[in-house]
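Chemist: With chain A fixed as given, assemble chain B onto it according to the hints.
Line order of the protein sequences matches chains A and B. Under the working numbering, think of the first position of the first sequence as 12, with each following residue one higher. Under the working numbering, think of the first position of the second sequence as 274, with each following residue one higher.
Source of the hints: derived by calculation from the structure; they are not laboratory data. Hints are supplied without guarantee of correctness; some may be wrong.
To be clear about the criterion: a stretch of chain B counts as covered by chain A if any three or more of its residues have a C-beta under 8 Å from a C-beta of chain A, and this derived list gives those stretches [unchecked claim]:
id : segment
1  : 312 to 324
2  : 527 to 538
For lysine to aspartate or glutamate, the following DMTMM-like pairs were computed, each having C-alpha atoms within a straight-line distance of at most 25 Å [unchecked claim]:
id : chain 1 : residue 1 : chain 2 : residue 2
3  : A       : Lys128    : B       : Glu442
4  : B       : Lys298    : B       : Glu313
5  : A       : Lys128    : B       : Asp412
6  : B       : Lys387    : B       : Asp412
7  : B       : Lys348    : B       : Asp439
8  : A       : Lys128    : B       : Glu500
9  : B       : Lys278    : B       : Asp545
10 : B       : Lys298    : B       : Glu454
11 : A       : Lys128    : A       : Glu94
12 : B       : Lys387    : B       : Asp439
13 : A       : Lys128    : B       : Glu503
14 : B       : Lys304    : A       : Glu25
15 : A       : Lys128    : A       : Asp117
16 : B       : Lys387    : B       : Asp349
17 : B       : Lys419    : A       : Glu94
18 : B       : Lys419    : A       : Glu25
19 : A       : Lys128    : B       : Glu454
20 : B       : Lys419    : A       : Glu126
21 : B       : Lys419    : A       : Glu95
22 : B       : Lys419    : A       : Glu106
23 : A       : Lys128    : B       : Asp439
24 : B       : Lys390    : B       : Glu408
25 : B       : Lys348    : B       : Asp412
26 : B       : Lys278    : B       : Asp548
27 : A       : Lys128    : B       : Asp440
28 : B       : Lys304    : B       : Glu425
29 : A       : Lys128    : B       : Glu498
30 : A       : Lys128    : B       : Glu425
31 : B       : Lys390    : B       : Asp416
32 : B       : Lys390    : A       : Asp123
33 : A       : Lys128    : A       : Glu42
34 : B       : Lys419    : A       : Asp110
35 : A       : Lys128    : B       : Glu507
36 : A       : Lys128    : A       : Glu116
37 : B       : Lys419    : B       : Glu454
38 : B       : Lys288    : B       : Asp545
39 : B       : Lys304    : B       : Asp416
Remember, it's a predicted structure, so these values are computed and weren't measured experimentally. Virtual Cβ for every residue (Gly too), placed ideally from N, Cα, C.
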Amino acid sequence: MADTAVQFELVSPEQLILSEDVEMVVVPGGEGDFGVLPGHSPMISTVRPGVIHVFTDGGVSSRIFVAGGFAEVTESRCTVLAEEALSVDEIDRAEVEIDLENAVEDLGGTDDPSEQKAAENRAVTARAKLAAIDAPVYQ
Amino acid sequence: MPSLKELRVRITSVKSTQRITSAMKMVAAAKLRRAQEQAESARPYAERMERMLGSVAASVSDVASAPPLLAGTGKDDVHLLVVMTTDRGLCGGFNTNIARWTRQHVRALVSDGKQVKLLIVGRKGQSMLRMEFGERIIDTIEDTAKPAPTFETAASIASRITTMYDDGEFDICTIVYNRFESALSQIVTPQQLIPFAQDASGDDANDEKAAKDAGAGASAAYEYEPEENEILAELLPRNLSIQVFRAMLESFASEQGARMAAMDNATRNAGDLIDKLTINYNRTRQAFITRELIEIISGAEAL
Chain A
12 MADTAVQFEL VSPEQLILSE DVEMVVVPGG EGDFGVLPGH SPMISTVRPG
62 VIHVFTDGGV SSRIFVAGGF AEVTESRCTV LAEEALSVDE IDRAEVEIDL
112 ENAVEDLGGT DDPSEQKAAE NRAVTARAKL AAIDAPVYQ
Chain B
274 MPSLKELRVR ITSVKSTQRI TSAMKMVAAA KLRRAQEQAE SARPYAERME
324 RMLGSVAASV SDVASAPPLL AGTGKDDVHL LVVMTTDRGL CGGFNTNIAR
374 WTRQHVRALV SDGKQVKLLI VGRKGQSMLR MEFGERIIDT IEDTAKPAPT
424 FETAASIASR ITTMYDDGEF DICTIVYNRF ESALSQIVTP QQLIPFAQDA
474 SGDDANDEKA AKDAGAGASA AYEYEPEENE ILAELLPRNL SIQVFRAMLE
524 SFASEQGARM AAMDNATRNA GDLIDKLTIN YNRTRQAFIT RELIEIISGA
574 EAL
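Okay, chain A solo, but in the shape it has when bound (with noise of 0.2 Å):
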């Protein structure tokens, strides 16, 4: 069985999103995508904002958007604690741009830097948001 699927695991502060058996899935790491299929070596990283990839069946099967977080990596397991995660296919644009926008205001409009950071975390979300609408699909 393990030498098949990867067991791949979604979760976020609220819920266990996402549990099953996969292909291959691929995280967007801190330190660039990495791609984990049966086997890989065990590893922890950071999750940048981004979206995951997730394959069965020789295509993509879903692709989520998360807002950065963690990943945990072991022969037979992924494990992605995300910090919002939800279907790239649900994300609305008109809504993102908005937040954007609000968040670059933010951005100028304070000298606080626990706000600063704050807003710019913002900003860097929704961009990523933006760009997840845009990317073309794997095939």
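Modeler: Showing chain B alone in chain A's frame:
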């Protein structure tokens, strides 16, 4: 002896109180189910986070260079207590228990010559503790659970704690909340947040063991991308928010359980009171009738 009218008025007022308490019980029961589900569905994340952090922390070779959230400041002079209470009352001993624990703990720390600061979540805790510890309370955070606790709120509380820590305002941070045991029992649980204690979830022997297993068995085998310390720098604040969130969810579920039990009691007491008043009312009515009969009969006999 009260007049019939007075008794009638009392019975009506107790009845309407009973209606309110039984409605509150029903609402609390419905919320409890949701809160319990939420607390349970949040558990996988907290557990996995703990496992991951445990294995990263165990593999840090040079503790001195580790982020201060893990290593601590090396002192324990100033303690910060985060006290989770409710915004609303009518939930039995929920807030009283937390407040009692806090009072004892603060007194013990103060008598040891430590400095104590309090960050209170919930209006009730503030009103219970400000008499004795008014000057120690640095702030009260209200309306955290409307209609249910969200992760954003937890994250903002956590980032506030981190900022204070970075500014050197305290050395040790402990959060105290009511852990949800069952609908009828809640347990006051203190948990040290900063510096990170390996047995952070300490109450569960299983959890602790799992964390240790992960720490000992897997630490050597993992590759880290980026370096351990960089991962730690991100993981630790993250873990802090998760632990705060977990405490909020547990506390919220406990609150609903406590309120349900308290309101169930109140409804039952109101029922008993109504029974007693009704018997009283009937007796009084009977007495009036008997007296009137006696008056009529003795009047007739006198003729």
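Chemist: For every hint, state whether the structure bears it out.
Modeler: Okay, the hints, checked on the actual structure:
1. 312 to 324: holds (count 7)
2. 527 to 538: violated (count 0)
3. A:Lys128 - B:Glu442: Given pair Lys128 (chain A), Glu442 (chain B) holds - Cα atoms ~21 Å apart, limit 25 Å.
4. B:Lys298 - B:Glu313: Given that 25 Å is the threshold and the Cα spacing comes to 22 Å, the pair holds.
5. A:Lys128 - B:Asp412: holds (23 Å)
6. B:Lys387 - B:Asp412: holds (19 Å)
7. B:Lys348 - B:Asp439: Judged against 25 Å, a Cα distance of about 14 Å means the pair holds.
8. A:Lys128 - B:Glu500: holds (23 Å)
9. B:Lys278 - B:Asp545: holds (20 Å)
10. B:Lys298 - B:Glu454: holds (19 Å)
11. A:Lys128 - A:Glu94: Roughly 16 Å separates the two Cα atoms, so the pair holds.
12. B:Lys387 - B:Asp439: holds (19 Å)
13. A:Lys128 - B:Glu503: Distance of about 18 Å is within 25 Å: holds.
14. B:Lys304 - A:Glu25: Distance of about 17 Å is within 25 Å: holds.
15. A:Lys128 - A:Asp117: holds (10 Å)
16. B:Lys387 - B:Asp349: holds (8 Å)
17. B:Lys419 - A:Glu94: holds (21 Å)
18. B:Lys419 - A:Glu25: holds (16 Å)
19. A:Lys128 - B:Glu454: Violated, at roughly 38 Å.
20. B:Lys419 - A:Glu126: Roughly 23 Å between the alpha carbons, so the hint for Lys419 (chain B) and Glu126 (chain A) holds.
21. B:Lys419 - A:Glu95: holds (20 Å)
22. B:Lys419 - A:Glu106: Roughly 24 Å between the alpha carbons, so the hint for Lys419 (chain B) and Glu106 (chain A) holds.
23. A:Lys128 - B:Asp439: holds (15 Å)
24. B:Lys390 - B:Glu408: Holds: Lys390 (chain B) and Glu408 (chain B) sit about 9 Å apart, inside 25 Å.
25. B:Lys348 - B:Asp412: Holds. Lys348 (chain B) to Asp412 (chain B) sits at ~23 Å (cutoff 25 Å).
26. B:Lys278 - B:Asp548: Given that 25 Å is the threshold and the Cα spacing comes to 17 Å, the pair holds.
27. A:Lys128 - B:Asp440: Satisfied, since the Cα-Cα distance of roughly 17 Å is no more than 25 Å.
28. B:Lys304 - B:Glu425: holds (20 Å)
29. A:Lys128 - B:Glu498: Measuring from Cα to Cα gives roughly 23 Å; hence the hint holds.
30. A:Lys128 - B:Glu425: This hinted pair holds, its Cα atoms lying about 15 Å apart.
31. B:Lys390 - B:Asp416: holds (21 Å)
32. B:Lys390 - A:Asp123: Given pair Lys390 (chain B), Asp123 (chain A) holds - Cα atoms ~24 Å apart, limit 25 Å.
33. A:Lys128 - A:Glu42: Holds. Lys128 (chain A) to Glu42 (chain A) sits at ~21 Å (cutoff 25 Å).
34. B:Lys419 - A:Asp110: Roughly 23 Å separates the two Cα atoms, so the pair holds.
35. A:Lys128 - B:Glu507: Satisfied, since the Cα-Cα distance of roughly 14 Å is no more than 25 Å.
36. A:Lys128 - A:Glu116: holds (13 Å)
37. B:Lys419 - B:Glu454: Satisfied, since the Cα-Cα distance of roughly 22 Å is no more than 25 Å.
38. B:Lys288 - B:Asp545: Measuring from Cα to Cα gives roughly 11 Å; hence the hint holds.
39. B:Lys304 - B:Asp416: holds (16 Å)
When the structure is compared with the earlier hints, violations turn up for hints 2, 19 and for no others.
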